[in-house]
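Engineer: Take a look at the letters that make up each chain.
There are 2 protein chains.
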Amino acid sequence: MGLVLKDCDWIVTQDPQRRILANASVRITDGRIEQVGRVNAASKDEVIDCRRKVLIPGLINTHTHLSMTLFRGYADDLELRDWLENKIWPLESRLTGDMCYQGALLGSLEMTRTGTTCFVDMYFHMEDVARAVDEAGLRAILSPGMIDKPDKTGTEHERQSTLKFLEYIHELHNPLLSFAVGPHAPYTCGPETLLWARDLAEKEDTLVNIHIAETRGEQAQFEKDGKGRVAEYLDRIGFLTNRVLAAHAVWLTKSEVKLFGQKGVRVSHSPVSNMKLASGGTAPVPEMWDAGVPVGLGTDGPASNNGLDMFDTMKMTALVHKNARWDPTIMNAQRVLDMATLDGARCIGREKELGSVEIGKRADLVLVDLRDPNLIPIHRKETVVSDLVYSANGQNVDTTIVDGRPLMVSRRFQKLDQDKIGEEVRSSIGQLIPQ
Amino acid sequence: MGLVLKDCDWIVTQDPQRRILANASVRITDGRIEQVGRVNAASKDEVIDCRRKVLIPGLINTHTHLSMTLFRGYADDLELRDWLENKIWPLESRLTGDMCYQGALLGSLEMTRTGTTCFVDMYFHMEDVARAVDEAGLRAILSPGMIDKPDKTGTEHERQSTLKFLEYIHELHNPLLSFAVGPHAPYTCGPETLLWARDLAEKEDTLVNIHIAETRGEQAQFEKDGKGRVAEYLDRIGFLTNRVLAAHAVWLTKSEVKLFGQKGVRVSHSPVSNMKLASGGTAPVPEMWDAGVPVGLGTDGPASNNGLDMFDTMKMTALVHKNARWDPTIMNAQRVLDMATLDGARCIGREKELGSVEIGKRADLVLVDLRDPNLIPIHRKETVVSDLVYSANGQNVDTTIVDGRPLMVSRRFQKLDQDKIGEEVRSSIGQLIPQ
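Same order as they appear, the protein sequences are chains A and B.
Taking this note's numbering, the leading residue of the first sequence gets 82, the next gets one more, and so forth.
Taking this note's numbering, the leading residue of the second sequence gets 82, the next gets one more, and so forth.
Don't read these hints as lab results, they were simulated from the structure.
Quick caveat: nothing in here was measured; it's all calculated off a predicted structure.
Be careful, since some hints might not be right.
Since the list gives no way to pick out one identical chain from another, each pair is judged satisfied if it fits inside one copy or across any two copies.
[As the list claims (entries may be wrong)] Cross-link-like lysine-lysine pairs, in silico, DSSO-like; alpha carbons within 27 Å at most:
#  : residue 1 : residue 2
1  : K462      : K168
2  : K501      : K462
3  : K87       : K305
4  : K433      : K339
5  : K168      : K233
6  : K308      : K245
7  : K87       : K308
8  : K87       : K501
9  : K305      : K233
10 : K496      : K125
11 : K87       : K496
12 : K230      : K339
13 : K125      : K284
Full structure from sequences and hints, please.
Structural biologist: Structure representation (structure tokens):
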């Protein structure tokens with residue numbers, strides 16, 4: 082029995098020719114896309130009517146901290162250091178696994194609602210996060226964050242936690258969930274931890290998920306400590322490989338960008354968070370493209386965004402670069418949609434399976450409702466992508482499908498209970514932050 | 082018979098103390114707010130259950146071109162001049178009144194959907210726009226755009242059109258609709274037209290709605306023409322008064338900002354459009370505040386945004402200024418919400434009647450749904466405003482009320498027919514742009 086997405090007004094395939102198909106359908110069997118265009122439905126197929134809808138590949142969020150939905154709106158408009166040290170860290174020290182589970186369920190609900198089908202996460206209590214995402218049915222790459230304390234106490238404990246989580250993921254037997262190593266950043270992890278992470282990623286054939294060059298303060302500290310430019314330092318110690326997924330990468334020189342290109346480093350760009358925390362500057366994304374660096378998009382954690390809506394991030398990405406370069410052509414809608422789909426898949430090494438609506442790929446698919454006032458009119462085939470990037474937002478998503486399984490249909494959640502999650506999150510917050 | 086908004090989780094009053102009320106209600110009679118807080122409902126009152134909702138003043142969009150919803154997504158990622166000359170102007174020359182009516186209905190639908198209750202518009206065929214807005218039930222200030230051709234042909238005709246529209250508005254007898262004079266810009270209108278506009282505004286006791294200093298190209302042209310700085314030129318000819326609502330005002334020097342302050346000029350800030358068209362730079366809004374200039378927010382026309390969602394504009398406003406100044410504290414959420422409500426009301430000289438939830442003010446009110454995943458959790462009273470600016474978007478709006486009349490309740494339009502408008506817009510587009 083298959084699932085047929087029938088008579089989509091448009092299908093934005095994101096195939097190599099970036100074809101947009103009019104009045105086309107998709108048939109899904111065993112979690113994969115089996116037919117695209119004209120479809121032969123079997124009598125037992127489940128059918129979703131896709132008239133007045135556009136079908137796109139599920140969006141890939143390459144950097145977030147899902148459980149931080151708990152801190153959404155808790156403390157805004159602050160300097161990064163003030164925000165972290167006086168607001169976020171004190172809360173994080175009191176987080177329990179169950180709270181992280183509730184936060185991850187809420188984050189999964191929001192991602193499903195807004196068309197994200199796959200994401201890369203780093204946080205604490207990752208077994209609880211994995212449990213929530215397993216329940217939600219999303220695809221994810223999960224990495225427990227590792228931080229070296231100045232006196233190195235806890236380093237061995239964090240390594241053991243990472244290995245324990247790796248085992249936990251293996252035992253879950255959920256093909257949608259995978260593991261990545263998560264050293265937090267070069268300024269919070271010493272070279273031994275970074276190289277341990279590199280070696281584990283090599284052994285497990287996976288990614289190293291790490292924050293690099295998010296703020297100018299970080300780079301200033303590196304120079305003060307006599308370690309020079311951060312990317313050059315990472316290369317010197319042998320850390321930079323094509324397994325590295327570098328989140329942020331704002332404060333890089335052109336030669337560091339080239340170094341990333343030579344080493345095959347991938348980048349997750351999170352402009353909303355960078356702007357909100359006033360990291361300053363704008364990540365050199367066009368230079369990364371020139372250097373052959375795959376660049377995906379991320380929302381970052383919901384406490385510094387304050388959401389998980391990749392449509393919002395797509396629009397902001399296009400706008401911030403146009404504004405920074407005084408050039409409306411520097412980043413067009415197609416390029417931005419590529420970042421949120423195909424390039425996101427390249428960032429996680431899954432471009433053969435994800436990121437486009439093509440026969441044989443996994444069926445991670447999203448329908449956007451074209452009856453909503455903000456998506457009228459659609460002028461012609463060539464403008465559909467522009468409408469998705471500049472006019473749409475995540476709330477226009479009507480249906481979200483991961484690996485062939487509908488998680489939301491006609492804006493109704495199929496697996497998660499929205500009201501229950503809301504109540505339980507409020508109760509978790511009540512325990513975490515007594516009023 | 083009154084209308085009671087009962088048991089709102091929160092009311093963001095925007096009163097002088099910026100009070101947030103918990104578990105509070107509002108009673109409306111004769112289009113005005115009669116009670117706030119604890120309410121004595123009469124037995125015949127209509128009641129809207131506002132649990133899990135937050136009540137805010139209706140948002141005020143101080144600059145748009147409503148009928149340009151027709152061109153949404155038609156041509157993006159282009160240089161401003163290329164966009165205008167090769168894409169937009171050729172279409173505009175073929176627009177009919179009926180098309181503008183359909184576009185304005187669609188725009189009204191989107192504004193109602195996303196919580197805008199009052200807006201300032203400039204375009205062509207304004208009688209048709211007025212007809213649509215009258216039907217939609219929104220509050221608006223409407224100005225027919227005036228442009229001097231180089232040979233001055235048509236100038237007299239445009240003046241007559243403006244006067245005819247003024248008469249049309251008087252005859253509509255709709256207290257929600259009012260007239261403003263609309264000379265397009267200093268670079269498209271000669272001094273005679275500008276002063277004619279000033280005098281008419283004085284006579285009619287209304288605003289002059291005009292674009293000033295949107296692009297650096299405009300300023301460069303002024304200097305090339307020997308007219309100097311644009312704001313100084315406008316002052317020299319006697320145009321700058323407290324009736325002027327200056328849209329954009331990006332490329333001003335500090336002394337021009339001070340001049341605006343001295344003359345009482347008001348500013349409409351449209352950051353999304355400025356970023357999308359890569360006008361370059363960022364409007365000097367903090368300097369405007371220092372100079373006492375009221376600054377409201379605008380979306381600009383939907384062809385350069387590509388929407389009318391003031392929540393999107395609020396978030397972008399906060400972020401672009403934080404990013405430009407490398408300072409997350411330069412523009413906080415409360416300040417941004419002020420711009421979208423009270424300062425918008427000041428921009429149109431209606432601060433005594435609009436912009437806050439206070440007894441005696443007109444009942445332009447919006448309910449936002451707190452059950453949506455992206456608005457969970459709300460931490461405490463003090464964070465509600467932050468949640469509205471950073472976490473919410475226009476699709477979270479549940480109910481929109483103008484002058485006491487519900488235009489949308491529980492996301493259902495009360496006056497407009499969404500599907501019919503969609504069909505008719507598509508048909509208008511078919512006539513305007515044969516495929």
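Engineer: State for each hint whether it applies.
Structural biologist: Here is how each hint holds up against the structure:
{"no.": "1", "hint": "K462 <-> K168", "in the structure": "between (47 Å within a copy, 17 Å between copies)"}
{"no.": "2", "hint": "K501 <-> K462", "in the structure": "between (41 Å within a copy, 23 Å between copies)"}
{"no.": "3", "hint": "K87 <-> K305", "in the structure": "neither (60 Å within a copy, 59 Å between copies)"}
{"no.": "4", "hint": "K433 <-> K339", "in the structure": "within (25 Å within a copy, 58 Å between copies)"}
{"no.": "5", "hint": "K168 <-> K233", "in the structure": "within (24 Å within a copy, 62 Å between copies)"}
{"no.": "6", "hint": "K308 <-> K245", "in the structure": "neither (33 Å within a copy, 72 Å between copies)"}
{"no.": "7", "hint": "K87 <-> K308", "in the structure": "neither (58 Å within a copy, 61 Å between copies)"}
{"no.": "8", "hint": "K87 <-> K501", "in the structure": "between (32 Å within a copy, 24 Å between copies)"}
{"no.": "9", "hint": "K305 <-> K233", "in the structure": "within (21 Å within a copy, 65 Å between copies)"}
{"no.": "10", "hint": "K496 <-> K125", "in the structure": "within (22 Å within a copy, 42 Å between copies)"}
{"no.": "11", "hint": "K87 <-> K496", "in the structure": "within (22 Å within a copy, 32 Å between copies)"}
{"no.": "12", "hint": "K230 <-> K339", "in the structure": "neither (32 Å within a copy, 51 Å between copies)"}
{"no.": "13", "hint": "K125 <-> K284", "in the structure": "neither (44 Å within a copy, 73 Å between copies)"}
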